[in-house]
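Asks: Below are the chains, spelled out letter by letter.
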Amino acid sequence: MTDLTQLGVKAIRDGVAAGDFTAKEVAEAFNAAVAGAAQLNAFIVATPDHALAAAEAVDAARGAGDDLGPMAGVPIGMKDLFATKGVQTTAASHILEGFEPQYESTVSQKLWDAGAGMLGKLNLDQFAMGSSNETSYFGNVISPWKSKDSNAALAPGGSSGGSSAAVSARIAPAATGTDTGGSIRQPAAFTGICGIKPTYGRCSRWGIVAFASSLDQAGPMARSVEDCAIMLEAMAGFDPKDSTSLDLPVPNWTASLDADLRGKKVGIPREYRMEGTDEEILKSWDQGIAWLKDAGAEVVDISLPHTKYALPAYYIVAPAEASSNLARYDGVRYGLRDLPDGAGLQDMYAATRAAGFGDEVKRRILIGTYVLSAGFYDAYYTQAMKVRTLIRQDFDNAFGECEVILAPTTPTASFPLGDKLDDPLAMYLNDVFSVPASLAGLPAMSVPAGLNSAGLPLGLQIVGPAFGEQAVLNAGLAIEQRAGFTAQPEKWW
Amino acid sequence: MSVTREEVAKIAALARIRMDDAALDHMVPEFNAILAWVEQLGEVDTSSVEPMTAVIEQKLRLRDDVVDADPLTGGGKRDAVLANAPAAEHGFFGVPKVIE
Numbered sequence: 001m002t003d004l005t006q007l008g009v010k011a012i013r014d015g016v017a018a019g020d021f022t023a024k025e026v027a028e029a030f031n032a033a034v035a036g037a038a039q040l041n042a043f044i045v046a047t048p049d050h051a052l053a054a055a056e057a058v059d060a061a062r063g064a065g066d067d068l069g070p071m072a073g074v075p076i077g078m079k080d081l082f083a084t085k086g087v088q089t090t091a092a093s094h095i096l097e098g099f100e101p102q103y104e105s106t107v108s109q110k111l112w113d114a115g116a117g118m119l120g121k122l123n124l125d126q127f128a129m130g131s132s133n134e135t136s137y138f139g140n141v142i143s144p145w146k147s148k149d150s151n152a153a154l155a156p157g158g159s160s161g162g163s164s165a166a167v168s169a170r171i172a173p174a175a176t177g178t179d180t181g182g183s184i185r186q187p188a189a190f191t192g193i194c195g196i197k198p199t200y201g202r203c204s205r206w207g208i209v210a211f212a213s214s215l216d217q218a219g220p221m222a223r224s225v226e227d228c229a230i231m232l233e234a235m236a237g238f239d240p241k242d243s244t245s246l247d248l249p250v251p252n253w254t255a256s257l258d259a260d261l262r263g264k265k266v267g268i269p270r271e272y273r274m275e276g277t278d279e280e281i282l283k284s285w286d287q288g289i290a291w292l293k294d295a296g297a298e299v300v301d302i303s304l305p306h307t308k309y310a311l312p313a314y315y316i317v318a319p320a321e322a323s324s325n326l327a328r329y330d331g332v333r334y335g336l337r338d339l340p341d342g343a344g345l346q347d348m349y350a351a352t353r354a355a356g357f358g359d360e361v362k363r364r365i366l367i368g369t370y371v372l373s374a375g376f377y378d379a380y381y382t383q384a385m386k387v388r389t390l391i392r393q394d395f396d397n398a399f400g401e402c403e404v405i406l407a408p409t410t411p412t413a414s415f416p417l418g419d420k421l422d423d424p425l426a427m428y429l430n431d432v433f434s435v436p437a438s439l440a441g442l443p444a445m446s447v448p449a450g451l452n453s454a455g456l457p458l459g460l461q462i463v464g465p466a467f468g469e470q471a472v473l474n475a476g477l478a479i480e481q482r483a484g485f486t487a488q489p490e491k492w493w
Numbered sequence: 494m495s496v497t498r499e500e501v502a503k504i505a506a507l508a509r510i511r512m513d514d515a516a517l518d519h520m521v522p523e524f525n526a527i528l529a530w531v532e533q534l535g536e537v538d539t540s541s542v543e544p545m546t547a548v549i550e551q552k553l554r555l556r557d558d559v560v561d562a563d564p565l566t567g568g569g570k571r572d573a574v575l576a577n578a579p580a581a582e583h584g585f586f587g588v589p590k591v592i593e
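Which chain is which? The protein sequence lines are A and B, in order.
So that you can map any letter, position 386 of the first sequence is 386 in the numbering used here, and since no number is skipped, the others follow by simple counting.
So that you can map any letter, position 100 of the second sequence is 593 in the numbering used here, and since no number is skipped, the others follow by simple counting.
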């Protein structure tokens, strides 16, 4: 019998529907894989019973001849940023340790309605703030990948590091991610999987622990472009409970997947050829250009002149929104309370937040508080929001000349854990290629391009215009078909 | 622009995060490094640019003005609201004494 943990979303769904195996067999295989991969620390809590119950419901529905959902029988990992009713939801923080939501996030509910089950809640950078999954209160996630040259533990990327590690290690066929400045695409690139951040507003933010609300978007992480399309269709859709939810029908992206790019133009942004970018990354970018030409696309040189200002603008906007969003953690309504002897209300707030937030979270709250404070607001926050307008205009202009943009996802391959921990700025630079699309609210995807000379995955990024997920997925498919990426990490855990 | 240790301490107080001397020692240089780096935004001429208000242009919706328009977020949820409170008492959130 086939090893069920090697199968992706579509193969599992179709296999269950055809009766090749039962959903319960699939859930049991992945539950065992999760239990056997504790060393990766990808999950904060495992929920094998949830996966089994969902699988049994699918098997029963199939037995009764009922229609099966588009994710029927597929057990997935849920990033621990999505509120799941009755299942601890922490955002990988101490301040939310033990928090059991009384409601289900819209995105997770849609996935359960589509027939998916939950293997567990996936580890992440604390409040999704980080690029290496080293800021979690529940410990680092270890990438399943190893460099040929060393045995050092590597970063799975962040913030969706539990998601990327689990999907690449075959302990989950797919997982949810969230992307504020690159948190789906960068970890996908580091681990040789696919991940798409849709247009801002496609997926409801209701029930997702908020980091920077004008940037946060959920999306799928899986091992193929088609699996991402299937799962994104299940996750997306209008939700009246999210004031920025797009009131648009969800297109049938899967049915319209088409890798024939004849007549399409692909833009290559010259400003992304930054000094200090890894030679092998640049080589993979050139390879990606050749693949898209082979698929029939015409390649055009484009300019995104404000690219270099995207990252500093992001590190004003995102912390500003975070400082405001995270004001809710006060030790009164939910989560941790630290009440020193004889302390009053204000002392309780300060003690609770000191004990409950990690260093990176505190750093960003302080930066955000500073840039929003009287006297500095215009110089920092207003200026950053003006630069954000310019960045979106850059993209608007570029999409007058091309359908999609091709760029690297990250400036380097994965790095050893601990390498950048003492230098926040070096860590932030990981997102230099992913942040511009986030600031402009655009759909963007990472697909595996190949391995570097150390045997580590490299990703290519496709960015599309607003609502242009189909063009992004199609270009991703064209790359996927030509890259023929089948490498997977050798099991050491 | 760089900030002093006293200014960082004041920002931490505004953000309601207690920071002892060691935490401040650690934070001040990091804070200044990040500020120095974001200063480069000052180079951009934005004199004729409007700050972004919405990344995707949308009309703000109004819900129907009725009680419990969405039963999930409407009223009658006291116990669910209090379920995760660290110190719920008598159907309320408990806090330390705030008046003498």
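The hints are simulated quantities; they were obtained by calculation from the structure and are not laboratory data.
Take these hints with a grain of salt, some might be off.
[Claimed, not checked] Just a few of them, taken from the derived set where beta-carbon distance is under 10 angstroms, the chain A residues facing chain B:
id : residue
1  : Y103
2  : G263
3  : G344
4  : Q346
5  : Y349
6  : T389
Here the structure is a predicted model, which means the values were calculated and not measured.
Ideal Cβ placement from N, Cα and C applies to all residues, glycine included.
Asks: Quick check on the hint: Y349/A CB to chain B CB, less than 10 angstroms?
Replies: OK, holds: Y349/A within 10 angstroms of chain B, min 4 angstroms.
Asks: Would the hint on Q346/A be counted as holding, given a Cβ-Cβ threshold of 10 angstroms to chain B?
Replies: Given a least distance of 7 angstroms, the restraint on Q346/A holds.
Asks: Quick check on Y103/A please, does its C-beta sit within 10 angstroms of some C-beta on chain B?
Replies: holds (6 angstroms)
Asks: Grab the minimum C-beta distance from G344/A to chain B and call the hint holds if it beats 10 angstroms, violated otherwise.
Replies: holds (6 angstroms)
Asks: Quick one, is the G263/A hint okay against chain B at 10 angstroms, beta carbons?
Replies: violated (27 angstroms)
Asks: Taking 10 angstroms as the limit, does the beta-carbon of T389/A come near enough to a beta-carbon in chain B?
Replies: For T389/A, the interface hint holds, since the closest Cβ of chain B sits about 5 angstroms away, which is under 10 angstroms.
Checked against the numbered hints given earlier, the structure breaks only hint 2 and satisfies all the rest.
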